[in-house]
Amino acid sequence: MALLDELRAAMVDGQSKQAVAKVNEGLDEGIDAGTLLREGLIAGMAEVGQLYEDGEIFVPEMLVAARAMTAALAVLKPHLVEQGVEPSGKVAIGTTQGDLHDIGKNLVAMMLEGSGYEIVDLGVDVPAEKFIQAIREGANVVAMSALLTTTMTNMQTAIEAIKEAGLREQVRIIIGGAPITKTYADEIGADGYAEDASSAVRLVKEVLAA
Amino acid sequence: MNSRDRVLAAFNHEETARVPIDFSGHRSSGIAAIAYERLRDYLGLERRPIRVYDIQQQLAIVDSDVLDRFDVDTIELGRAFALDDADWADWTLPNGSPCQVPVWTLPERVEHGWVLRAPTGRIVGRMPDGALYFEWAYFPWAENEPDHDALEEAMADVMWNIPSPPGPLVDGPDGDRLLLEGARRLRESTDRAIMGLYSCNLMEWGQYLYRNDNFLALLVAEPDRAHDILERLTQFHLKGLEKYLGLVGQYIDVVNFSDDLGMQTGPMISPRMYREFFKPRHARLWQRTKELSHAKAMLHSCGDIRLLLPDLIDAGVDAVNPVQISCKGMGAEGLKRDFGKDITFWGGGCDTQWLLSHGTPEEITEHVKHQVEVMRQGGGFVFQQVHNILADVPPQNIVAMFDAARSLESVS
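Line by line, the protein sequences are chains B and D. Everything in the first sequence is counted per this note's numbering, starting at 1 for the first residue and increasing by one. Everything in the second sequence is counted per this note's numbering, starting at 1 for the first residue and increasing by one.
Just chain B, same shape as in the assembly (with noise of 0.2 Å):
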């Protein structure tokens, strides 16, 4: 369909106005929300995720296609509540406790949400007991990251006390950030690893289908 290619352009070259133009105009001509959302922006999101991992665009591109994702969501969001669509997961999300950077935590949770997620953003400095409140409150993925060695340690706090409140069974945790591997997410008894924002959604997907 014309207008879905359109609208996964506009999302690929970050055109805000013209993403929730496309949006608004699918609305009109009767298109049903839920295709919108899944053959529109998520599938845009996913050919950005795509021309990333493919060094064809770099984090600035990556950004602002992810804001025109944002603001084309917004305008569909009351139709699919409306409609009973309901997302693919709730991922909360959080630098772990101790660190304060949240510039990759911001990107992934953007391509998250743009990937049909729902974020529940619990920012930076997150204690372990404001993730177990979020799993309590229904995220069935939680996804910490560390930019620094002093504070990645407390990833395996938080995991720690998710199994000591005995919700480890009920949720996905994955881990990321500057000095985060495969292995250390292993060791800790993490779900998953991954090393940018684009295979931050890629891994969500496999570990809720796991």
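The set of hints was computed from the structure by calculation and includes no laboratory data. Predicted, not measured: the structure shown is a model, and the values here were computed from it. Careful: at least some of the hints might be erroneous.
Said to hold, decoys possible - Calculated pairs, SDA-like style, for lysine to any residue (alpha carbon to alpha carbon, straight line, at most 20 Å):
(1) B:K130 / D:D129
(2) B:K205 / B:P179
(3) B:K182 / D:H112
(4) D:K328 / B:E56
(5) B:K130 / D:W354
Position chain D relative to chain B; hints supplied.
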């Protein structure tokens, strides 16, 4: 051969009997005060008040007994200043240890943490209890309409504008004379290579003012505005740099420029974007440095910047730092093979993202020996661990690292 000769030989791509060593020569090769206190105790050196000269990262002044112990070849120009006890105020480190900070950087206690205020009175930095460093609390042009005409007023409200020494000690009518005299005194008193910090950040100032995400988006969405602010920043830096080099250029060996362009997985921006927005401006700053002094231009840029190296070299930089070897494209062998003849690698001597804090002294010794053997080939290498030694690094690891670096004699 003295320390200064050793550092300059590296820039001339000459191998020296042992590699030049930087420790604390700039604000990304230092040590967190908490780790430094433990290091002194471990080395059996006398206890003395730890002086934290960089409040944001809580880096300690490394005393001359430690510099001597590790055969360090560098020193920062700032060490010539704030020598008077009255320049320092008592504070307490996050681990409860007493320390001193420059009086103009003294944090203020608030509920659940500490804050830093700009001279304007605005809270610009924040450290919640439990954290070990300060992070931005205010981005002038994220919260207000950007006004490029009011650039300098906006810059005053940025956390990183709170200076390390000399800072305000060389403000005022007598400031130029004091700066010049301090530099001359330091030059006369040391054989170490003197590093002048004159960062001239472009990308980073864009991010400090607009906030990181907004500035990166601006580069794509409003290129004319991005060019406008970057040009104003360049003019501002050039004016300051010219004055600075006019005063101290004859006494310093290296100017430390800074602009973080990399991430763990690659550059933050495309080479095309670097060439359009940053390269011509970096080139002007580095060109001017060479016109006005004999100092070498070193660029501190974290992360994986491999894709940008051909353009950085072309723009005239002499050295890059910190050579973050744990990043994808930053392996020492590949960098030396592809760029070793054209640039000096200042860093990459020891991984700090895992090994230095989590490894054993034996693992560190082996790793450092390997790094040094690869990087020293054909000169063009100054030893430095990848970035500051953080609070969690055990002292025996620090000793193992420097001892491995200083004990390696060249075989060629």
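Here's how the hints hold up against the structure:
1. For the given pair, K130 (chain B) sits about 16 Å from D129 (chain D) by alpha-carbon distance, which is consistent with the 20 Å threshold.
2. Using a Cα cut-off of 20 Å, the hinted pair K205 (chain B) and P179 (chain B) is violated, with the two alpha carbons roughly 23 Å apart.
3. For the suggested pair K182 (chain B) and H112 (chain D), the alpha carbons sit about 34 Å apart, so the restraint of at most 20 Å is broken.
4. Between K328 (chain D) and E56 (chain B) the alpha-carbon distance is near 17 Å, which keeps this suggested pair within the 20 Å criterion.
5. With a CA separation close to 27 Å, the supplied pair K130 (chain B) and W354 (chain D) exceeds the 20 Å bound.
Checked against the numbered hints listed earlier, the structure breaks hints 2, 3, 5; every other hint is satisfied.
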